[in-house]
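Asks: Sequence:
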Amino acid sequence: MSVKIKKGDTVKVIAGKDKGAEGKVIEVLREQGRVIVEGVNRIKRHTKAAQQGGTGGGIITAEAPIHVSNVMLVDGGGVTRLGSKRVDVEKRRGDGSTYAAQRSVRISRKSGDEI
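Numbers given in this note's numbering equal positions in the sequence shown, counted from 1, plus 36.
Careful, some of the hints might be misleading.
[Claimed, not checked] Heads up, simulated DSBU-like pairs for lysine-lysine below, C-alpha to C-alpha not over 35 Å straight-line:
1. LYS43 - LYS60
2. LYS127 - LYS80
3. LYS84 - LYS121
4. LYS127 - LYS84
5. LYS43 - LYS127
6. LYS80 - LYS121
7. LYS55 - LYS127
8. LYS42 - LYS80
9. LYS60 - LYS48
10. LYS60 - LYS40
11. LYS40 - LYS55
12. LYS42 - LYS53
13. LYS48 - LYS146
14. LYS43 - LYS121
15. LYS84 - LYS146
16. LYS127 - LYS53
17. LYS60 - LYS80
18. LYS43 - LYS55
19. LYS146 - LYS55
20. LYS127 - LYS40
21. LYS40 - LYS146
22. LYS60 - LYS146
[Stated by the list, open to error] Here are the computed distance ranges between Cβ atoms for each label pair:
23. ALA137 - GLY75: 19 to 27 Å
24. GLY93 - ARG145: 42 to 50 Å
25. SER38 - VAL110: 15 to 23 Å
Hints listed in this document are in silico derivations from the structure and should not be mistaken for laboratory results. Note that the Cβ used here is the ideal one computed from N, Cα and C, for glycine as well.
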């Protein structure tokens, strides 16, 4: 399954203990098919005091990865699925001349608008 969510997208959690929560994607882990969302799936990690580094021990709260199938992209007022389409663009060469080409863009399945 390809990961269509990108870093910086606003997503809504649709399954799990944080269902209904919205947040911004901090990181995408493509190999595992997971994303890290700001303020969602927070875990606490107990750390020992480092003797060499001088950092004190304590409890660190951080976001854990969540599977990409459990989030949906927020578009406008609600959530939407993602699609892609090819659009015609005009590109510029180094010498200043232009030529016609195509590029792939992400679109909202609900509204059809480019994301």
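Asks: Against which earlier hints does the structure fall short, listed by number upward?
Replies: Of the numbered hints given earlier, those the structure breaks are 2, 3, 4, 6, 7, 15, 16 and 23, listed in rising order.
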